[in-house]
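Number of protein chains: 2
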Amino acid sequence: MEQRLAPKTKLSEADLCETFNVGRMKVRRALLLLSSQGIVDLQSNRGAYVACPDAKEAKDVFEARLHIEPGIVGSICGTIDDRGRQILRDHITLEKTARLKGHRPEIIRLSGEFHVKMIAVSGNDLLTRIIRELVTRTSLIVGLFGSGNGTSCREDEHEEILHAIELGDKAAATALVKEHLNHIQEGLELSKATEVVSGLKNILAV
Amino acid sequence: MEQRLAPKTKLSEADLCETFNVGRMKVRRALLLLSSQGIVDLQSNRGAYVACPDAKEAKDVFEARLHIEPGIVGSICGTIDDRGRQILRDHITLEKTARLKGHRPEIIRLSGEFHVKMIAVSGNDLLTRIIRELVTRTSLIVGLFGSGNGTSCREDEHEEILHAIELGDKAAATALVKEHLNHIQEGLELSKATEVVSGLKNILAV
DNA sequence: TTGACAAAAATTGTTAACAAAACTTTACTC
DNA sequence: GAGTAAAGTTTTGTTAACAATTTTTGTCAA
Numbered sequence: 111m112e113q114r115l116a117p118k119t120k121l122s123e124a125d126l127c128e129t130f131n132v133g134r135m136k137v138r139r140a141l142l143l144l145s146s147q148g149i150v151d152l153q154s155n156r157g158a159y160v161a162c163p164d165a166k167e168a169k170d171v172f173e174a175r176l177h178i179e180p181g182i183v184g185s186i187c188g189t190i191d192d193r194g195r196q197i198l199r200d201h202i203t204l205e206k207t208a209r210l211k212g213h214r215p216e217i218i219r220l221s222g223e224f225h226v227k228m229i230a231v232s233g234n235d236l237l238t239r240i241i242r243e244l245v246t247r248t249s250l251i252v253g254l255f256g257s258g259n260g261t262s263c264r265e266d267e268h269e270e271i272l273h274a275i276e277l278g279d280k281a282a283a284t285a286l287v288k289e290h291l292n293h294i295q296e297g298l299e300l301s302k303a304t305e306v307v308s309g310l311k312n313i314l315a316v
Numbered sequence: 111m112e113q114r115l116a117p118k119t120k121l122s123e124a125d126l127c128e129t130f131n132v133g134r135m136k137v138r139r140a141l142l143l144l145s146s147q148g149i150v151d152l153q154s155n156r157g158a159y160v161a162c163p164d165a166k167e168a169k170d171v172f173e174a175r176l177h178i179e180p181g182i183v184g185s186i187c188g189t190i191d192d193r194g195r196q197i198l199r200d201h202i203t204l205e206k207t208a209r210l211k212g213h214r215p216e217i218i219r220l221s222g223e224f225h226v227k228m229i230a231v232s233g234n235d236l237l238t239r240i241i242r243e244l245v246t247r248t249s250l251i252v253g254l255f256g257s258g259n260g261t262s263c264r265e266d267e268h269e270e271i272l273h274a275i276e277l278g279d280k281a282a283a284t285a286l287v288k289e290h291l292n293h294i295q296e297g298l299e300l301s302k303a304t305e306v307v308s309g310l311k312n313i314l315a316v
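One line per chain: the protein sequences are A and B, in this order. Take the first sequence: its letter number 1 is residue 111 in the working numbering, and every next letter is one higher. Take the second sequence: its letter number 89 is residue 199 in the working numbering, and every next letter is one higher.
None of these hints come from the bench; they were simulated from the model.
Straight-line Cα separation of at most 16 Å, EDC-like style, residue types lysine to aspartate or glutamate; simulated pairs:
hint	chain 1	residue 1	chain 2	residue 2
1	B	Lys-169	A	Asp-235
2	B	Lys-166	A	Asp-235
3	A	Lys-206	A	Glu-223
One side only, chain A facing chain B, incomplete, derived with CB under 7 Å:
hint	residue
4	Ala-174
5	His-177
6	Ile-182
7	Asn-234
Computed far set for chain B versus chain A, every beta-carbon distance over 12 Å:
hint	residue
8	Val-160
9	Asp-192
10	Ile-202
11	His-213
12	Arg-264
13	Glu-276
Virtual Cβ for every residue (Gly too), placed ideally from N, Cα, C.
Work out the full structure, taking the sequences as your base and the hints as a guide.
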C-alpha cells in the first residue's frame, strides 16, 4: 500500500467511490476539504486532480514554514516538559528504524511528522493544524521537484534539533530549524517540472 | 445589513437556503468550508452553529498571530514597493473615513483587513490565506470576549506600523506589530464568557 | 493522414425524494 | 406539578434519479 499518486492524476468520483466503498456524497465532501488544503485541484465541471504546485507555490510554502516554524521551536526550548521530550525522542527512534528498513515512503512520512510533533508539543492546536497542512504540501512538492539523489534531507538533522531543544538552546534550535528547511528547499530543482512540461509542449507543438 | 451573528447561533440548512436562495447542496458545501476554517461548529446530526471559541482557542489564535505576523511585516520592510505602500496608505484612509462615520462593524472589518493587506504585499498567497483565516477568528473572539469600552484597539497603531514600514525600520515594525497584537489581546476578558455561561448554568441548576 | 464536425459516452453538478436522527409536544403516572 | 414515555414534528444525512457539461469516439472531406 501507501502508493503515492502523481500530481495531475485525475481523481474521478466514481473510481473513489468504488475504491473506498462510500457514496458519492462523502467523496465530494473529502475532495472539497482536500482542495481547501491545497493538495487537490478542484476544477468546475472537469473534476478533481492531485495538485501540481508550480515553483511560486513551492516557494510560498517554504517561505511560510521559514516564517513560522523556527520561532515556535525556539519558544518550546523553555517550556517543553518530560512528556514532550519523550514524544520527540520516541519519534526519532521510529525514524531510525524506518531508515534501517529502507521503506522510503514511510521515511518521508515520518520525516514530515517530526515537524508536526515539534509544534504539537507547544500545545497550540491551531498552529499544529497549520503546520500539518504545510508539511503535507511540502511532501507533494518534494515528490514533484525533488532530485532523485538520496533522501530528501540529511538524516541526523532532526536529532541535532532535538538536542538543541533538550539543552534549552533557543538560538541553536531556531538556527538549526532554519538550516534544515533550507536544506530541504535546496534539494529541490524548482525549474525542473515546468521545464519538463513546457518543454514537452514545445516539442510536440512544432 | 452587515449584522453579525452571535456565537452559538444555530445555522439551520433550510433557513440558509431561503435567505440566500440556493439549494441545500451549496449551503452544506459552504458550512463545511466554514467549519474547516474554525468559524462554524459542525455537529453530527445536530446541525451547524456559529463557533464559540473558548479561552484556550482564543489564546492559540493570538499566539499564532504573534508567531507569524511580526516576522513577515519585518521582512516586507526591505522589499515593499510603491504599489504596496500605496495599498496600505489607501487602506488607512479608508479606516479613517469609516471611523469618522462611526460605522462600528465596518471599522472592525477594515481593522482586520489591514493585517491581511500587510501580509498580501509580501506576495505570499499562502501566508495571506492563513492570516486571513486568523483575522476572521480574531473578529469572532473580539466580539465574544471584547470588553465594551471603546473600539478594540488604539486608532493610530496601524498608521505607526505603516510609518515604520515606510522608513524600512524592521526592528520598529516588528515591535509595533507585536505591541499592537498584545493590545488587542489585553483588551479582552478571556474569563468573561465562560463565567457567564457556567455561572448561568449553576444558577439554573439549583 | 489530418482536421473539422457531429454523435455518443462518460463525468460532474443539481434537485428531489427517502431514511435516520434529534428535538418538541402531548399524554400519562406518581 | 414533576417527571417520564411515547407519538409527532422537524432537521440532518444519504441515496438515487435527472440535467448539464465535458470528453471521447466516429465519420467525412480535404
